[in-house]
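S.K.: Residue numbers for the sequence shown follow the working numbering, so the first one is 1 and each next one is one higher.
None of these hints come from the bench; they were simulated from the model. Worth double-checking, as some hints may not be accurate.
[To be verified] Mimicking BS3-like on lysine-lysine, the simulated pairs with C-alpha atoms at most 25 Å apart in a straight line are:
hint	residue 1	residue 2
1	Lys49	Lys37
2	Lys69	Lys50
3	Lys69	Lys58
4	Lys37	Lys50
5	Lys58	Lys72
6	Lys33	Lys52
7	Lys52	Lys72
8	Lys61	Lys50
Just so you know, these numbers come straight off a predicted model, no measurement behind them.
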Amino acid sequence: SLSTVGQLALEYIKVLRYQQQELLDTLPASRQKNQVKIQLIEDELLYIKKRKEMLSRKLRKARSKRIQKIRKTVRTLDGDFFTSPPVYQRII
């Protein structure tokens, strides 16, 4: 029969092997969970990018509407003073 030290060592090895197996079993699950997290983050980034593009478009549209309005007003004022309209530089 084994000595008590040998017996303890054997028990310890069993515990370590069990823990090792447990870790190996949970690894795919945690990898899967991380993959899901990564996917969620990527989806969020894609949404933010699309939203940014949409808002940029809206902003450009609003800006060009404002510019058109200003040009129209300037043309009207020019007409009131009977002056030939000068060449306007494009407002950006």
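S.K.: Is Lys37 close enough to Lys50, meaning Cα to Cα at most 25 Å?
M.R.: Satisfied, since the Cα-Cα distance of roughly 20 Å is no more than 25 Å.
S.K.: Under the criterion that the straight-line Cα-Cα distance not exceed 25 Å, is the pair Lys52, Lys72 satisfied?
M.R.: violated (30 Å)
S.K.: Between Lys33 and Lys52, does the CA-CA distance stay at or below 25 Å?
M.R.: violated (29 Å)
S.K.: Within 25 Å, alpha carbon to alpha carbon, are Lys69 and Lys58?
M.R.: Satisfied, since the Cα-Cα distance of roughly 17 Å is no more than 25 Å.
S.K.: Given the proposed pairing of Lys69 with Lys50, does the C-alpha separation stay at or below 25 Å?
M.R.: violated (29 Å)
S.K.: Please work out if Lys49 and Lys37 have their alpha carbons no farther apart than 25 Å.
M.R.: OK: Lys49 and Lys37 at ~18 Å, within 25 Å.
S.K.: Holds or violated: Lys61 with Lys50, Cα cutoff 25 Å?
M.R.: holds (17 Å)
S.K.: Tell me if the straight-line CA distance from Lys58 to Lys72 falls inside 25 Å.
M.R.: OK: Lys58 and Lys72 at ~21 Å, within 25 Å.
Hint compliance for this structure: hints 2, 6 and 7 are not met, and every other hint is.
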